[in-house]
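Q: These are the residues of each chain, in order.
Protein chains: 2
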Amino acid sequence: MLITSTDNDKIKEYSKLKERKYRDQTGEFLIEGPHLIAEAYRAGIVKELILEQDAVLPLNAPTIYVTKDIINKLSEVEAPTNVMALCRKMETKEDIGKKILILDGIQDPGNLGTIIRSSKAFHIDTIVLGENTVDVYNPKVIRATQGMIFHINIIKKEIEPFLLSLKQLDIPIYGTKVEYGKDFRTLKNKDKDTFALIMGNEGNGIRSEVLDLCDSYFYIEMAPDVESLNVGVAASIILYELDRRD
Amino acid sequence: MLITSTDNDKIKEYSKLKERKYRDQTGEFLIEGPHLIAEAYRAGIVKELILEQDAVLPLNAPTIYVTKDIINKLSEVEAPTNVMALCRKMETKEDIGKKILILDGIQDPGNLGTIIRSSKAFHIDTIVLGENTVDVYNPKVIRATQGMIFHINIIKKEIEPFLLSLKQLDIPIYGTKVEYGKDFRTLKNKDKDTFALIMGNEGNGIRSEVLDLCDSYFYIEMAPDVESLNVGVAASIILYELDRRD
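Residue numbers (numbering that gives the first Met the number 0), protein chains in the order written: chain A, 0 to 245; chain B, 0 to 245.
Heads up, a few of these hints could be off.
Same chains, same label: a pair holds when it works inside one copy or across any pair of copies.
The list that follows gives simulated cross-link-like pairs (lysine-lysine, DSSO-like), each with its CA atoms no further than 30 Å apart [stated by the list, open to error]:
1. K176 / K139
2. K191 / K181
3. K191 / K166
4. K17 / K92
These aren't lab readings, by the way, just hints derived from the structure by calculation.
Just need the whole structure built from these sequences, with the hints factored in.
A: Printed below as a string of structure tokens:
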């Protein structure tokens, strides 16, 4: 099927997916570029390929062909490629595993994407998004994950009741603070096999009522005249350290 | 002095500083927000404060007052604060120290800013920007550094001749590769006191002719189905590891 009008009903529907509201309503979202599409395909969530007339993608999925104008209308980047895809959101797994990362109010899409990418690299089983966290299907988030979003379990929870449920399971909860607390390097190997690590908002860190529910507090040692690291960097360094075995 | 017209000559000159060409010509750049201005002031590079009429900043510097329209014209963010400053570029130090980070073609302003911030946190003495690296005075870079850009020595060099000069000084050159190479954790304490670490471009890594000049190659161990980390994250983890003493 070739669609040539940007006023086509299907294209108008797809265009609405730029807004979180419509992504939430439909359970669908758009991605662009061959690399992301390949990763989504590998995860089995591609519903339809949206290809510019002359584009070729050797994937077995329903396909519509469109004009460059339509790609430009659907795309969220300045210089779009000629391939996009409609995807359905990932299914979430009930089994959250033993290595859990909890995000309390991450607001910047690039930071969330980076954290998801690093979580996959350092063997996190489940990422828990608290209230006030940016939409994980925001296109900027997806781009920053480099497709790793499609290969890790991501769930949404209200953080406080979720932490109480973790306590029932005897999963230790690690909080992060810019200062005080213990150096992460003091963690023993056995403390790295099962944990829930919490990272907080870019400006304000972890909310105090959430900090109160942590079992222990850690920080990253750094030069004294530096206030803090970027939260994506801080999370990644800690995940790297928790993945390290002495 | 109160300026009320966006057509004022001074304001028109300042507005040009959004372009790299004019920053290079004048050696000046604009910053916004109280936090960045405080850091620039601490570094002694604020030439003039640009305050909205009702704004107060308790700093001892020449000041002009302007309207909200002028702030909006000069600002590069969606929701500007009411304080900006004209700064002169940092002076560079001839003495590059013993811990050097070399960037070969970092293109994303956020990545460069994050790397500068982490470099300060983990005791890098000098950052060397190779050809094809994004302008360090790009406003997005400066924001992402959280002001740390004003407190670290940053110089521009052609990388290949610079590496040859490092070899004369017997400074070991560490290259990074996504795979192969040694794990950074194998480095001894004595190998962490003097070094030049090279990080490469987001998409392509370090250019092969630059890689050829490295003395040893390292990588970060991670899950096998993850291709790579964000370069700002990778640089930060390595700097963290190089700052660590066993």
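Q: Which numbered hints are broken by the structure, listed smallest first?
A: none
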